[in-house]
Amino acid sequence: MKMGKIACVCLAAALTASMAACGGSAKTETKAQTEAAAQTEAAAETETAAETAAADETAAESAELPEEVNIGVQTLVTPELIARYEEIYEEYLGCPVNLLQFDSGADVNRAFASGSIDIGAIGTSPAAIGISTNLGYEVFWFEDVIGSAESLVVQKDSGITSVADLKGKKVATPFASTAHFSLQNALELNGVAAADVELYDMQPDDIYAAWIRGDIDAAYVWDPVLSKLYENGATAITDSAEMAEQGVVTADLAVINKEFAEKYPSVATGYIKAQIYAVDKFNADQDAALQEIAEAIDITKEEAATQAAGFIYPDGKEQLTDAYFGADGNSGSIAQILKQAADFLTEQKSIDASPDISVFEEYSTGEYILRALDE
Amino acid sequence: MKVKKEGHRVAISIITIMVVFVVWYLATNIGSIPDVILPKPQNVWKAFLSLCSEGYGTNKDTLMVHMAASMKRLLIAYGLSVVTAVPLGLICGYFPHASSVVNPFVEFYRPIPPLAYYTLLVLWLGINEGSKITLLFLAGFAPIFISCASGVKRINVDYLNASYMLGANKKQTFMNIIFPSALPDIFTGLRTAIGFEYTTLVAAEMVAAKQGIGWMVLDASNWLKSDVVFAGVIIMGITGILLNYIILFLENRIVHWSGRA
Numbered sequence: 001m002k003m004g005k006i007a008c009v010c011l012a013a014a015l016t017a018s019m020a021a022c023g024g025s026a027k028t029e030t031k032a033q034t035e036a037a038a039q040t041e042a043a044a045e046t047e048t049a050a051e052t053a054a055a056d057e058t059a060a061e062s063a064e065l066p067e068e069v070n071i072g073v074q075t076l077v078t079p080e081l082i083a084r085y086e087e088i089y090e091e092y093l094g095c096p097v098n099l100l101q102f103d104s105g106a107d108v109n110r111a112f113a114s115g116s117i118d119i120g121a122i123g124t125s126p127a128a129i130g131i132s133t134n135l136g137y138e139v140f141w142f143e144d145v146i147g148s149a150e151s152l153v154v155q156k157d158s159g160i161t162s163v164a165d166l167k168g169k170k171v172a173t174p175f176a177s178t179a180h181f182s183l184q185n186a187l188e189l190n191g192v193a194a195a196d197v198e199l200y201d202m203q204p205d206d207i208y209a210a211w212i213r214g215d216i217d218a219a220y221v222w223d224p225v226l227s228k229l230y231e232n233g234a235t236a237i238t239d240s241a242e243m244a245e246q247g248v249v250t251a252d253l254a255v256i257n258k259e260f261a262e263k264y265p266s267v268a269t270g271y272i273k274a275q276i277y278a279v280d281k282f283n284a285d286q287d288a289a290l291q292e293i294a295e296a297i298d299i300t301k302e303e304a305a306t307q308a309a310g311f312i313y314p315d316g317k318e319q320l321t322d323a324y325f326g327a328d329g330n331s332g333s334i335a336q337i338l339k340q341a342a343d344f345l346t347e348q349k350s351i352d353a354s355p356d357i358s359v360f361e362e363y364s365t366g367e368y369i370l371r372a373l374d375e
Numbered sequence: 376m377k378v379k380k381e382g383h384r385v386a387i388s389i390i391t392i393m394v395v396f397v398v399w400y401l402a403t404n405i406g407s408i409p410d411v412i413l414p415k416p417q418n419v420w421k422a423f424l425s426l427c428s429e430g431y432g433t434n435k436d437t438l439m440v441h442m443a444a445s446m447k448r449l450l451i452a453y454g455l456s457v458v459t460a461v462p463l464g465l466i467c468g469y470f471p472h473a474s475s476v477v478n479p480f481v482e483f484y485r486p487i488p489p490l491a492y493y494t495l496l497v498l499w500l501g502i503n504e505g506s507k508i509t510l511l512f513l514a515g516f517a518p519i520f521i522s523c524a525s526g527v528k529r530i531n532v533d534y535l536n537a538s539y540m541l542g543a544n545k546k547q548t549f550m551n552i553i554f555p556s557a558l559p560d561i562f563t564g565l566r567t568a569i570g571f572e573y574t575t576l577v578a579a580e581m582v583a584a585k586q587g588i589g590w591m592v593l594d595a596s597n598w599l600k601s602d603v604v605f606a607g608v609i610i611m612g613i614t615g616i617l618l619n620y621i622i623l624f625l626e627n628r629i630v631h632w633s634g635r636a
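Sequence lines, in order, name chains A and B. Start counting the first sequence at 1; every next residue gets the next number (our numbering). Start counting the second sequence at 376; every next residue gets the next number (our numbering).
Bear in mind the hints are in silico, worked out from the structure with no lab data behind them. Check the hints yourself; a few may be wrong.
Listed below are the simulated SDA-like cross-link pairs for lysine to any residue, each with C-alpha atoms no more than 25 Å apart in a straight line [as the list claims (entries may be wrong)]: (1) B:435 - A:156; (2) A:156 - B:421; (3) A:258 - A:322; (4) B:585 - A:192; (5) B:421 - A:162; (6) A:169 - B:415; (7) B:585 - A:107; (8) B:435 - A:312; (9) B:435 - A:71; (10) B:421 - A:355; (11) A:349 - B:469; (12) B:415 - A:168; (13) A:301 - A:169.
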């Protein structure tokens, strides 16, 4: 009997210990790191006569390289798809790359919380949530700025012609997304109380189904579902480009685990270089770029063109202006955009507290863009 | 003696729970586990209090409103599955031909994860309560149906023969022999069904819900409010245990002879 009691207590202790252990993710990279370091060292030896810049680079790289990099991606029509299509990540990052597909920024946040990914693509409002909750990632690149790619559309015969008409109507959007954020702002700017609107939390695919059945009157959503809604009689009454004109900027960002970036700066810089390559390619030859984007996610080139028209893709140099990260990489409006989002979400009681602006300044940086453009 | 042993086992369970709780408290208050991954017990308690007083969601519904919305769905669906699956299961157990008609369909959909066909239900029935209740109904139907059918089939043929020999007609045999002897199996099915439906509840509230304990947990997870997630999960666990005990209580009352032959 006594033995049994002891066994039970041990069991319980083991259970909780294993639960606690789940918190810390695996940190058994040392062996691979030393191997990788040895390899790059050997490589450096053979190229001793190389010019100083390159030597500096290998020195930085030989410092450390991760065993592999896990990147969380979403299906957004951005130049990032070119990098994915041409499979240039491993070459630019210098190590094996795992691409993981996510459907929403909320999922990307959960993956960061569990330490499953190192780099991820995420909208401004989930990013503001993540930084407010101390997920430990920093914003280091703009994938795109959202324009008409996210729009508030209404059913053809609904009689709704403006945001103010939404009172008492059924409106669907994926909660905690940039679209949800824009919708809430649109309602507030037009003097409609959130309680006066029937808001439904739905994923884009479900919005499409509900739209076809006529279950909802309006939706704030993005592509590819947005295009499908247009095919089924949707008319836009406002979009994120108009919202941006009114000061509500939404964007899709690339974020990276801050500790990871500080430990492996060459990987962070490599990711940016791949993005800069992709944007430059997009700007140089849009036709070829759209073809690659279309093939990457299996849509037609025309669809890719329509969707791309709803975004702005700032290139590396533009991202070092005040609208983004600022000339020194740390004085741009990105921190303000995130702070504004966090403030609004706190006001809506969606998150508990909005941190000080300095936190957002700390967790956003153009440093790796500066490095990428320098090298 | 028996009572004493029972008391022992309860004590062990309570001690285990307390140990887990203390380790949880110490690990989160002294250790450096981020709040998102494992919130502090006191924060979960605070979240619980705020759910009760301030509410949660777009309309700031209190915990009771969320709970009521979920329970309403659950009980309507459960009621529907009981009143359909019990008679149908008994009939199919009694008449093999009826079983041949219904069984293929039950056997087909039973192993499919509810989420797989939920999108279809949403397309057919819309985003409102219809699709949610149907999903729960389907989750509960199969276990009740199967246990009722097998309960009838397992009856000792000697009982039936004796009943007929003593002059009972089919109806009397069914009411006095078959139904009572299938009751323990029926209750097993009823208990399995409430468990199935309860586990499907979160899935059912994934699409277009505005209220409900399952939706609350999902939404809180989107906002990374782990304290609310924990509070919700603990409430769901306790409610699940309670539901199980309610059925168990009824079972002990109604089929008190079962297992003591």
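Any hints this thing doesn't respect? Which numbers, in order? 1, 2, 5, 6, 8, 9, 11, 12, 13
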